[in-house]
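Read top to bottom, the protein sequences are chains Z and X. First residue of the first sequence? That's 508 in the numbering used here, and the numbers climb one at a time after it. First residue of the second sequence? That's 508 in the numbering used here, and the numbers climb one at a time after it.
What the hints contain is simulated information worked out from the structure, not anything from laboratory work. If you're wondering where the values come from, they're calculated on a predicted model, not measured in any experiment. It cannot be assumed that every hint is accurate.
With a straight-line Cα cutoff of 27 Å, these simulated DSS-like cross-link-like pairs (lysine-lysine) come out [stated by the list, open to error]:
#  : chain 1 : residue 1 : chain 2 : residue 2
1  : X       : K799      : X       : K727
2  : Z       : K727      : X       : K659
3  : Z       : K799      : Z       : K676
4  : Z       : K634      : X       : K727
5  : X       : K659      : Z       : K676
6  : Z       : K659      : X       : K634
7  : X       : K676      : Z       : K634
8  : X       : K696      : Z       : K633
9  : X       : K807      : X       : K727
10 : Z       : K792      : Z       : K807
11 : X       : K808      : Z       : K676
12 : Z       : K575      : Z       : K808
13 : Z       : K727      : Z       : K792
14 : Z       : K727      : Z       : K659
15 : Z       : K676      : X       : K634
16 : X       : K575      : X       : K792
17 : X       : K808      : X       : K727
18 : X       : K659      : Z       : K659
19 : X       : K808      : X       : K575
20 : Z       : K575      : Z       : K634
21 : Z       : K575      : Z       : K676
22 : X       : K633      : X       : K727
23 : Z       : K799      : Z       : K727
24 : Z       : K659      : Z       : K575
25 : X       : K799      : X       : K575
26 : X       : K634      : Z       : K696
27 : X       : K792      : X       : K808
28 : Z       : K633      : Z       : K727
29 : X       : K575      : X       : K696
30 : X       : K575      : X       : K634
31 : X       : K808      : Z       : K696
32 : Z       : K659      : X       : K727
33 : X       : K633      : Z       : K633
34 : Z       : K634      : Z       : K727
35 : Z       : K799      : Z       : K575
There are 2 protein chains.
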Amino acid sequence: MFDLQGALADISVQLDEAMHELLPNPGNVSNKVISIASRETSDDVTECHSGENKVVDAMRYSALSGGKRLRPFLTVECAGLFGVSPQAAMTTAAAIEFIHTYSLIHDDLPAMDNDDFRRGQPSCHKKFGEAAAILAGDGLLTFAFEVLAHRKVHADASVRCELIRTIAKAAGVFGMVGGQMMDLDAEHKAMEAEEIIRLQRLKTGEMFAVSCEAGAILGKAPEQMRNSLRRYAHDMGLAFQITDDLLDVEGTREKTGKTVGKDQTAGKATLVAVLGVERAREQSKTLAEQAKQHLACFDKKANTLRVLADYVVSRRS
Amino acid sequence: MFDLQGALADISVQLDEAMHELLPNPGNVSNKVISIASRETSDDVTECHSGENKVVDAMRYSALSGGKRLRPFLTVECAGLFGVSPQAAMTTAAAIEFIHTYSLIHDDLPAMDNDDFRRGQPSCHKKFGEAAAILAGDGLLTFAFEVLAHRKVHADASVRCELIRTIAKAAGVFGMVGGQMMDLDAEHKAMEAEEIIRLQRLKTGEMFAVSCEAGAILGKAPEQMRNSLRRYAHDMGLAFQITDDLLDVEGTREKTGKTVGKDQTAGKATLVAVLGVERAREQSKTLAEQAKQHLACFDKKANTLRVLADYVVSRRS
Chain Z
508 MFDLQGALAD ISVQLDEAMH ELLPNPGNVS NKVISIASRE TSDDVTECHS GENKVVDAMR
568 YSALSGGKRL RPFLTVECAG LFGVSPQAAM TTAAAIEFIH TYSLIHDDLP AMDNDDFRRG
628 QPSCHKKFGE AAAILAGDGL LTFAFEVLAH RKVHADASVR CELIRTIAKA AGVFGMVGGQ
688 MMDLDAEHKA MEAEEIIRLQ RLKTGEMFAV SCEAGAILGK APEQMRNSLR RYAHDMGLAF
748 QITDDLLDVE GTREKTGKTV GKDQTAGKAT LVAVLGVERA REQSKTLAEQ AKQHLACFDK
808 KANTLRVLAD YVVSRRS
Chain X
508 MFDLQGALAD ISVQLDEAMH ELLPNPGNVS NKVISIASRE TSDDVTECHS GENKVVDAMR
568 YSALSGGKRL RPFLTVECAG LFGVSPQAAM TTAAAIEFIH TYSLIHDDLP AMDNDDFRRG
628 QPSCHKKFGE AAAILAGDGL LTFAFEVLAH RKVHADASVR CELIRTIAKA AGVFGMVGGQ
688 MMDLDAEHKA MEAEEIIRLQ RLKTGEMFAV SCEAGAILGK APEQMRNSLR RYAHDMGLAF
748 QITDDLLDVE GTREKTGKTV GKDQTAGKAT LVAVLGVERA REQSKTLAEQ AKQHLACFDK
808 KANTLRVLAD YVVSRRS
C-alpha cells in the first residue's frame, strides 16, 4: 500500500531545505551603511546595527515551523505528471508556501482571526510583536514573487510570467484575500451553503487550485489537463476545508496544533454549522470522490493525488 | 521656465486614469457562487452577496486618493530617456504606486505608525477598519505583481521578470519592509547619522531607485546608465526624506495633509534631530546637487529630473 504520510514527510523535508536555502538569513543581512560623503560607490561601507534582522527572523520562524505542506506537495506531484525538473517544482512550491505562510501570519493578527497559536507554537505576532508580524507577512509575499521571477524556476521567462500572474490572481482580491474578507464578514451572519462554498473557494480553493496548476504551467501542459487539475484541486480543497471545520468542532488543540472551537465561539458560518456534522462529513466524501474523477485523463502517475483526496477527508489533524 | 508642478499634475491625472482602469472595480466583482452539485463547469452560477467588495473599495480609496505621485513620475521620466512607450511606462508606474500605496496603508496601522490621516483624509483603517486595511494592503501588493507580469508592460517576458525581481527586492526585507522595521525600532533610540541614512536608504531610497531603474529596464538601457539613475534616485530620495522630516518639524497638517510633529513626539531619530534644522537643510541641498551630477551622461532630456531634484528640497508640502 502506498505510504502517503511518508511521501508527505519526504516533501516536507525537501521543502524545508529549499526554503531554508532561499529565505534571507540573518547572518547574511548586510549590516552596512553608506556615509553621506561617499555615497557614489557602494563599496564605502561601515558596519552598524541592523533592524531588519527581526523581520528576517520572523519570516523564517513562521515559514520553517512545519505544517502539512499540502500545497507544495500538490505542486510537486502535479509537476511530476509533466516531467518538470524537481528543482523547478520545489522552488515554485516554496514560493507558494511563502504566500501561504504570509496569509497565516496576517490571518492570526488580533485585527483578523486573533489567534495565539499556529502549528503548535505561538503565532508570529505573539512571538515577535504585531508590527514585525505584519512586516514579516509583507516580506514573505514580496519575496515569493522575487523567487518566482528567478531563472531557476524556468528557463522560459514567459512561463515564469504566466506563473506569477496565475499565482497573484489566486492570492489576490478575487482569491485568498477576498475570501479572507468574506470570512471576517461572515462572523455572526447567517449564510447559505452556497455562499459558504464561494467563500471557501476564494479563501482556500484558489490557492489549492494554483498549487496544482503551477505544475501544469511549468510543464507547459495542454489547457484541458490544466483545467482538470484545477477542478481536482477545488473539490479536494473544499473537502479539506469541511474536514478542517469538522476538526474545529471535534478536535483538540494537541492534535490540530491550533485553537479549536473558534468557529462556534466566533459564530462563524461553516458548512458544518449549516449542514450538520453528519451531512457535512458525507459531503466531504462525495467531494473527494468527485475530485478523483477529474483525474481520469491521467494514468497511474496521478495515483498519489488520488490517495491524497481520500486522505484529506479521513485525517484527524 | 519649465513648469514642474504642471508636469507632475499631468502625470497624476494620467496615472489616476491608468490605476482606475487597472484596479478591480466593485461593479466588476463576480458575485457568483458555484453549487456543490454542479461544480464541474464554472458556468453554473448564481448571484449572492460578495464580501470582497469591501477590500476592493479600500484598495481604490487609498490608491486613488492623490498624493505627489513622485515615484510614477520618476518611472515615466526615466522611461522617456530610452524611448519606452508611454503605455508600458504608465502601467509599470501604476504597479509601483500600488506597492507604495500598500506600504502607506500598512505603515498607518495602529501597530505600526498609528496615523489617522493620510493625504488629507482618514487613513485606510480609520475608514474601513483594521482588517480591511491589512487585506487592502495585501491585495494591492499582490495585484502589483499581477500587473507587472502582464504582456502590456513589455513584449519581452524576460524584461518583465527582471522588473519583477528588481521591484520585489526594493520592496522587500532588504528594502522598504526592512527599512520600516528599522524605523519602528528607531523610536526612543539614539542613532548615529550614518545609521539613519541607511534606514532611509532602505525605507524610501530603494523604492525611489527602482522607480527610476524601472524606466531603464523597460528601455533595456546599458548597465552604466541604469546605475547612474539609481544613484540619482538615492541622493534625491534622501534629500526628499530630509525635507519630509523638516516639514514634520516646521509644517502644519493643512499643508502636508498628515499629522505633523509626530517624529518628535515618538522620539524618532531623524537626520533633522541629529544634525539640527540648519545643517539638515544644507545637507539636503548638497544631496540635490549631487543627484544632478549623476545625470551628466544624459542630455537635456534629463532636464526634468534635474528640476525635480531642486524641487524636492524646496517644497513646502
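Comparing the hints with the structure gives:
| no. | hint | in the structure |
| --- | --- | --- |
| 1 | K799/X x K727/X | holds, 22 Å |
| 2 | K727/Z x K659/X | holds, 22 Å |
| 3 | K799/Z x K676/Z | holds, 25 Å |
| 4 | K634/Z x K727/X | violated, 44 Å |
| 5 | K659/X x K676/Z | holds, 17 Å |
| 6 | K659/Z x K634/X | violated, 43 Å |
| 7 | K676/X x K634/Z | holds, 26 Å |
| 8 | K696/X x K633/Z | holds, 23 Å |
| 9 | K807/X x K727/X | holds, 20 Å |
| 10 | K792/Z x K807/Z | holds, 22 Å |
| 11 | K808/X x K676/Z | violated, 38 Å |
| 12 | K575/Z x K808/Z | holds, 22 Å |
| 13 | K727/Z x K792/Z | violated, 32 Å |
| 14 | K727/Z x K659/Z | holds, 16 Å |
| 15 | K676/Z x K634/X | holds, 26 Å |
| 16 | K575/X x K792/X | holds, 20 Å |
| 17 | K808/X x K727/X | holds, 17 Å |
| 18 | K659/X x K659/Z | holds, 24 Å |
| 19 | K808/X x K575/X | holds, 22 Å |
| 20 | K575/Z x K634/Z | holds, 21 Å |
| 21 | K575/Z x K676/Z | holds, 23 Å |
| 22 | K633/X x K727/X | violated, 42 Å |
| 23 | K799/Z x K727/Z | holds, 22 Å |
| 24 | K659/Z x K575/Z | holds, 25 Å |
| 25 | K799/X x K575/X | holds, 20 Å |
| 26 | K634/X x K696/Z | holds, 22 Å |
| 27 | K792/X x K808/X | holds, 22 Å |
| 28 | K633/Z x K727/Z | violated, 42 Å |
| 29 | K575/X x K696/X | violated, 30 Å |
| 30 | K575/X x K634/X | holds, 21 Å |
| 31 | K808/X x K696/Z | violated, 59 Å |
| 32 | K659/Z x K727/X | holds, 22 Å |
| 33 | K633/X x K633/Z | holds, 24 Å |
| 34 | K634/Z x K727/Z | violated, 42 Å |
| 35 | K799/Z x K575/Z | holds, 20 Å |
Hint compliance for this structure: hints 4, 6, 11, 13, 22, 28, 29, 31, 34 are not met, and every other hint is.
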